[in-house]
Structures are given as structure tokens and as C-alpha cells.
Amino acid sequence: MRQWQSDKSFESFATLDQGFISTFHFPRRMGKKIKVGRVDDDRYERSKRIEWLDLGSVAKAKVLMIGAGALGNEVAKDLVLSGFRRITIVDMDCVVGSNLNRCLFFSDDDAREKRMKAEVVAEGLRKLSKEAKPQAIVGKVQALPSGIFARHDIVLGCLDNIEARIHANSHAYAHGRIYVDGGMEGMIGKVMVSKPPDGACLQCGMNRSHARVASLRFSCTGTDVVFYEPKLAAEITTTSIVSAVMVRECLKAISGHPEMLLRNTFYYDGQKNISEELEISLDPVCPVHRAKSMGYR
Amino acid sequence: MPVRIKVKNAETGASVEMELEMENTIDEVIESAATFWSKDMGAYVLRKGKKVLRGGNSLDAAGIRADDVLELIPDPEGG
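These protein sequences, in sequence, are chains A and B. Take the first sequence: its position 51, counting from 1, is numbered 50 in numbering that gives the first Met the number 0, and each next residue is one higher. Take the second sequence: its position 23, counting from 1, is numbered 22 in numbering that gives the first Met the number 0, and each next residue is one higher.
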């Protein structure tokens, strides 16, 4: 004898076999039946359990990721595993050996052949997921036409210098695109979300000390780093935390939940075991906001 | 009229007392503190509690008062 019963949260299935009644209860989730053995076939089954997450929008979204170094590697990985498919990767550098302690997609062969980072990351994403459609652009973000910002839904900055950050921030803001910027040094990391049209932007939080070092690259390596520029401490655990927060903000924005976004800057110190949100108020004399109010793009 | 504030070095925990005029700017406080502690060339911000202070603001405009404790923190720019 087999009999189905259902109530609000469960569906029950009872069998009578050799005088013993066995009852199986299948939890009902979001009004759908789960077939035993099929739930683990779905790549995104666990993601679908996050109720606010809109995987359909995530799959269609176009993400512009600027920088394919340590942060870019982790962000790209997290983007694809989270369901993003259309990712444009911009970077001007080639792979070198000292990248390998924190760049998932780079190998010794890539370093030996001095392959371009953007291309290696794109290749790695295609291996990670058949659905991923990455596009690699080798070059400086400052050299790209401004329209590239308008052609994407959200912009992520995985950069190693203030000049490029300022460029990405101002163009994203001008085109009404949320800009998620990540930075790190040793055990310290930060993520800032710039939300046009009314929120503070990355440049609102800068001061003269930023201007003094704007042209320096805070990178471990790269073709333009000269020997006297400081090489920063960099390791994968901080990179992983910063990139995770960045991609999570991306998921919130694309899923249509701007109310969940970081209000300003997430600041993390892994040595002191603290993380907190710091407030950066909109600077009325910030060039980004003044340009916007004057109608410049 | 000068005011005394304390600036803390987030990286080492050390602190220094500064006597400043209300017209001094946040940028000037950052530069003085960074020089005092021989900080590496880099980007830094000054915070009061959870609030990051704007560089171009005077102490008065930033709402700084006598005996306030500010903290100098590095602004990580690596990627």
C-alpha cells in the first residue's frame, strides 16, 4: 500500500511492506517538491536556498572587473561560482612568479611564458564553468572608451593604484553604475560601495595622502613597478575575505536589494580580528559629484 | 584658541598628543602624525569613532573638540 499525504510543510509517503509501515517525509521548500536523489544534481541548488538571491538576474548581468591580480583572481572565481557568467576582465600586466602565492588561476608555466593576466583568468573561468562567458581585455582601464562602463551593469575594482581607482570610480558614477572597490595590504582589507546618484563615492574618502601616492602602484609585481616602490605584504587569506565581500555586494545589487548594500566602507583587520563599517560622508567639493552636477560625463 | 587632541596609531597602538588650532585641517593632522611615526609612504585616513574625517575640513568643521581621540589608519590600496 502506498499513500501520499501532504500538509503545509511536508509531503508524506507511506509504504506497507511485510507488515511494516515506513513513512518518509519530504520537506516542501518554496511550494516545490524535492525528488530524492535529484537535489544534488543542480549546481545552484544550495544558492537557490537563499531567498533574496535572484539567480536569473545574476546569470544575465554584465560585470566589468578591472584588475586581474590577486584580488581579481579571487573575485573572478567567486563571481562564476555564484552564478555570474558575463564578465569582462581588464588588466595590463603579465603573470610573474611572486603572484603564485595568492592567484588561483596562475601557474608556473604562465609565469615562465609571461602570459597576460586577463587572458589567463578568462581561460580559468571557462574551465571553472561551461556557462561562464568571460571576455579578456589587455590594457589600462584609462585607455578604454568611457562607453564600456555604460555597457555593464556593475563595476568591480580590483586595482593596485589610486589613479586607476579614481578613473573607474568617476566613470562608473557618471554612468550611474554601482562601483565596488576592494583594497588590501597584509592583513588589512577594505571594500567600499559607491552608489550613484546620491551616495558618497570612493573619492569622497580621499585626502592629500592619497594624492601624494596616486601614481604609485601598490602591487607585488608588474611591468611598471620600479625597484624603489614599496612592495606590499599580500597573502591569500586577506584576499579571500575582501573578494568575498565584494562579490556578495555584487549579488545584493544585481538581485535588486540595494537596501542590503554596505552603507560605506567595510574595514577589516585580520591581525586584530576586527571588522567594521566606517562612514564616509558625501564630499560636496568632490570632483566626481561636482562633475555630475555640472552635467559632465 | 589651541585645543589638545590625542591621535592614535592604529598599526602600533601608540598615541601622541597634539596641540592644534581649530583652523588646522585634517590633512595637516594626518601629515603630522604620519611624519611623527615615520610612516611608510602611503594613503592614510583619520577616523573619529566610525566616521572617516574629510581631509580638507578644519578641525572645527569636522566637529573635533578638546580631548577627542582620533585614530590614524592605513587605507589599503593593494590589489
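Hint data in this document are derived by calculation from the structure and do not stem from the laboratory. Because the structure is a prediction, the values reported are computed rather than measured. We put the beta carbon where it would ideally sit given N, CA and C, even for glycine. Do not take every clue at face value.
[Unchecked claim] Below, a list of computed lysine-lysine pairs in the DSS-like style, where the Cα atoms sit at most 27 Å apart:
1) 271/A to 7/B
2) 126/A to 271/A
3) 59/A to 113/A
4) 139/A to 7/B
5) 50/B to 5/B
6) 129/A to 76/A
7) 38/B to 251/A
8) 194/A to 7/B
9) 76/A to 251/A
10) 113/A to 47/A
11) 139/A to 47/A
12) 49/B to 194/A
13) 194/A to 251/A
14) 129/A to 49/B
15) 129/A to 113/A
16) 194/A to 50/B
17) 194/A to 5/B
18) 5/B to 271/A
19) 7/B to 251/A
20) 47/B to 47/A
[What the hints assert, rightly or not] Reference excerpt, derived from the structure (chain A facing chain B, CB under 10 Å, subset only):
21) 77
22) 183
23) 188
24) 241
Verification of the hints:
no.: 1; hint: 271/A to 7/B; result: holds (15 Å)
no.: 2; hint: 126/A to 271/A; result: violated (37 Å)
no.: 3; hint: 59/A to 113/A; result: violated (33 Å)
no.: 4; hint: 139/A to 7/B; result: violated (38 Å)
no.: 5; hint: 50/B to 5/B; result: holds (16 Å)
no.: 6; hint: 129/A to 76/A; result: holds (13 Å)
no.: 7; hint: 38/B to 251/A; result: violated (37 Å)
no.: 8; hint: 194/A to 7/B; result: violated (31 Å)
no.: 9; hint: 76/A to 251/A; result: holds (17 Å)
no.: 10; hint: 113/A to 47/A; result: violated (40 Å)
no.: 11; hint: 139/A to 47/A; result: violated (37 Å)
no.: 12; hint: 49/B to 194/A; result: holds (19 Å)
no.: 13; hint: 194/A to 251/A; result: holds (13 Å)
no.: 14; hint: 129/A to 49/B; result: violated (43 Å)
no.: 15; hint: 129/A to 113/A; result: holds (26 Å)
no.: 16; hint: 194/A to 50/B; result: holds (18 Å)
no.: 17; hint: 194/A to 5/B; result: violated (33 Å)
no.: 18; hint: 5/B to 271/A; result: holds (21 Å)
no.: 19; hint: 7/B to 251/A; result: violated (35 Å)
no.: 20; hint: 47/B to 47/A; result: violated (41 Å)
no.: 21; hint: 77; result: violated (15 Å)
no.: 22; hint: 183; result: holds (5 Å)
no.: 23; hint: 188; result: holds (6 Å)
no.: 24; hint: 241; result: holds (9 Å)
The structure fails to meet hints 2, 3, 4, 7, 8, 10, 11, 14, 17, 19, 20 and 21 from the earlier list, while all remaining hints are met.
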